[in-house]
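Colleague: Just so you know, the protein sequences line up as chains B and E, in that order.
All letters in the first sequence, in the order written, are residues 1 to 195 by full-length UniProt numbering.
All letters in the second sequence, in the order written, are residues 1 to 448 by full-length UniProt numbering.
Hints are not guaranteed to be accurate.
[What the hints assert, rightly or not] Label-pair distances were calculated between CB atoms; the ranges are:
1) E:103 x B:41: 51 to 57 angstroms
2) E:227 x B:86: 34 to 40 angstroms
3) B:106 x E:319: 20 to 26 angstroms
4) E:416 x B:86: 34 to 40 angstroms
5) B:116 x E:320: 36 to 42 angstroms
6) E:286 x B:86: 40 to 46 angstroms
7) B:10 x E:20: 47 to 53 angstroms
8) B:18 x E:203: 39 to 45 angstroms
9) B:184 x E:261: 46 to 52 angstroms
10) E:416 x B:150: 24 to 30 angstroms
11) E:225 x B:38: 41 to 47 angstroms
Source of the hints: derived by calculation from the structure; they are not laboratory data.
Using N, Cα and C, we set each Cβ at its ideal position, and we do this for glycine too.
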Amino acid sequence: MIDRPDPRPPAQSTARPEELARCPFPDRGPRLPGLDAEITAVLTEESAALDEGEHQRWLDMLDPVFRYEIPVPLLREDPALPRHSRSAVLFEATKRVLELKFGRVGLVPAWSDRPATTTRHFLGSVRVFDAPAPGVVRADANLLVTSNRGVEHTALVSAARRDLLREHHGRWLLLRRCVLLDVEVATHEQLSVIF
Amino acid sequence: MSFGVDGPVRAIGRRAFIDSDILDAEYDRVFHPSWQFLGFAGEVPEPGDYVLRMLGRDEVVVVRGEDGEIRALHNSCTHRGTRLCRASLGNTAHLRCSYHGWTFTNDGRLVGVPALRSGYPPDFDHTRHGLPSARVACRRGFLFATWDAKAPDLEDYLGEIAWYLDAILDCGAGEWEVCGPPQRVRAKGNWKIPTDNFAGDGYHMRTTHQIALDQGIYGDTLANGTRGRAGTDLVAVNIATPAGHSLRAGYVVESGRSIDERDLTAPQFPGYPPERWPALTAAQTPEQVRFTSHCEVAHGVVFPNTVFLSVAHDRAVGEDADPLTRYLVVRAHVPVSARETECLYWTLVPTAMDREWQRRSYRFQARTQSAGGILFEMDDFENFARIDAALARSAPGRGGPVDLTLGVGRSTPARNFPGPARAEAATLSEHNQRAFYRRWSTLMGELP
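Chain B with its partners taken away, still in its complex shape (with noise of 0.2 angstroms):
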């Protein structure tokens, strides 16, 4: 198997808000340029959450059914291909697993969490699509990160960020986060940051 694309069908116009955590990752609807500022700030916000350390707020934004996934990036002679796998992750996650992960902070023995990680979330050009879901939109930005840790850990990663968010309560929660890496071979450090 090479690559080969998630063979479930991509959601449908009526689809639930939760199929589509499951589902391929859907295609951008008409563009919403009205919800652009909203949007940038409940983005804005959560990456506050993450670079403050304010783990449960960050969690809290997460709907149940959150899914984040890191796809493979992959560098083809085809400037047409798709530069990230359709099927292969380098990492993936559900709000579970991120709750195990924040979890560890408090405990000594988080080898790879004490001393903690600095990090700085940079956000630019988010632009509001629908989404094939009733109150869900997508939300695509430009992300910039910038990730400390004494003087051997420093790093800097650049990706594209495709995010799911689903009105609920009149707040905004994500729904889904595909982080679409810009380097072909990410440092371990760089694959430590949550995006």
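For chain B, the structure is supplied; the task is to place chain E on it using the hints.
Modeller: Positioned in the frame of chain B, the structure of chain E alone reads:
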């Protein structure tokens, strides 16, 4: 520096892990005469499909020719040395140089030289300018290659370890499929550091992965789905061959019992669904079942730098409803420099399992021991980086050589163990690491 070639290897000098002149010698003395793992035939299923891989110092194009044969061609034009393939994967019938246009078929023959008749001497022999091609052997879809014309055949090179690799594969009751392109990551530390970890290091589990154990990510669920491990022990067998290959297998047995006392009238295969166990038993020989039954984890090294891991991980990494699930990952630890290693990870799934199980197996690998496995692999990377940082900040000779004596004189031969090569029963031992470094030392000899 002595590498211990005159006796049992119980220590390795620290500079073996940081000095670039050691890596230079390793390329000639360790990598060149060895068969190295390149990937899987399934990555290049169609004529013209190629991937780029490293074979010792050399980048090679692993390409399936129009004749269906897979070759490893040096990725460098025979005119000025230009890199021919720039992409990491693709499909092409010809490799055309971007500088002057020399063109090679995907079996390595030079077939195009601009201005050949008008500009080159009459005796220019294009057949002498084909791309160097390494010896390639495909075994059950695993692709190995060597530049050494005098190296033994792959089967002889693998020796006894092949029996164990076959048993792990046969336990899947059929063929295996590679899950997509490999994950890749660059990690700090010499290539031997993660490799010796995979050879047989059960010793680091309780320290490095203490939180993973506490969080129930590993070592919590029994093969039949029972949560909690009261009344059981994980006991291990270490197998190492003179060629430096090794395997460590960990078995879940009743507390105080030995591996020999497993109930083999009802074989268990942790991480595979219990309803599949009879079919898995039927797909194996009785000797293979005696190796694979009750085995929760098996990991090891195909010398020099290929490692494998077959492990059943707990549902705690997935959804609560997820059962104990096994994955099989094969890795190559490719030197970038003496102090940096590129790790490539291929996850394999048995085609006999249903698609949902395959997907879950791959997800479990991605969440734990993938390039971005924040719950497990990151703590290993942390240690490899800490070793590298400390060795690089040490005066020569400070701190003494790296110690390898764990288990010396404390293990016993595993009774009635089915496979070839000497099997030592010892849950905590550096038996396999000693075998790895013994082979490495023999090849390295004294430094130039």
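Colleague: Taking the hints in turn, state whether each one holds.
Modeller: Here is what the structure says about each hint:
no., hint, in the structure
1, E:103 x B:41: 51 to 57 angstroms, "holds, 56 angstroms"
2, E:227 x B:86: 34 to 40 angstroms, "holds, 35 angstroms"
3, B:106 x E:319: 20 to 26 angstroms, "holds, 24 angstroms"
4, E:416 x B:86: 34 to 40 angstroms, "violated, 48 angstroms"
5, B:116 x E:320: 36 to 42 angstroms, "violated, 29 angstroms"
6, E:286 x B:86: 40 to 46 angstroms, "holds, 42 angstroms"
7, B:10 x E:20: 47 to 53 angstroms, "holds, 50 angstroms"
8, B:18 x E:203: 39 to 45 angstroms, "holds, 44 angstroms"
9, B:184 x E:261: 46 to 52 angstroms, "holds, 50 angstroms"
10, E:416 x B:150: 24 to 30 angstroms, "violated, 51 angstroms"
11, E:225 x B:38: 41 to 47 angstroms, "holds, 46 angstroms"
The earlier numbered hints that this structure contradicts are 4, 5 and 10.
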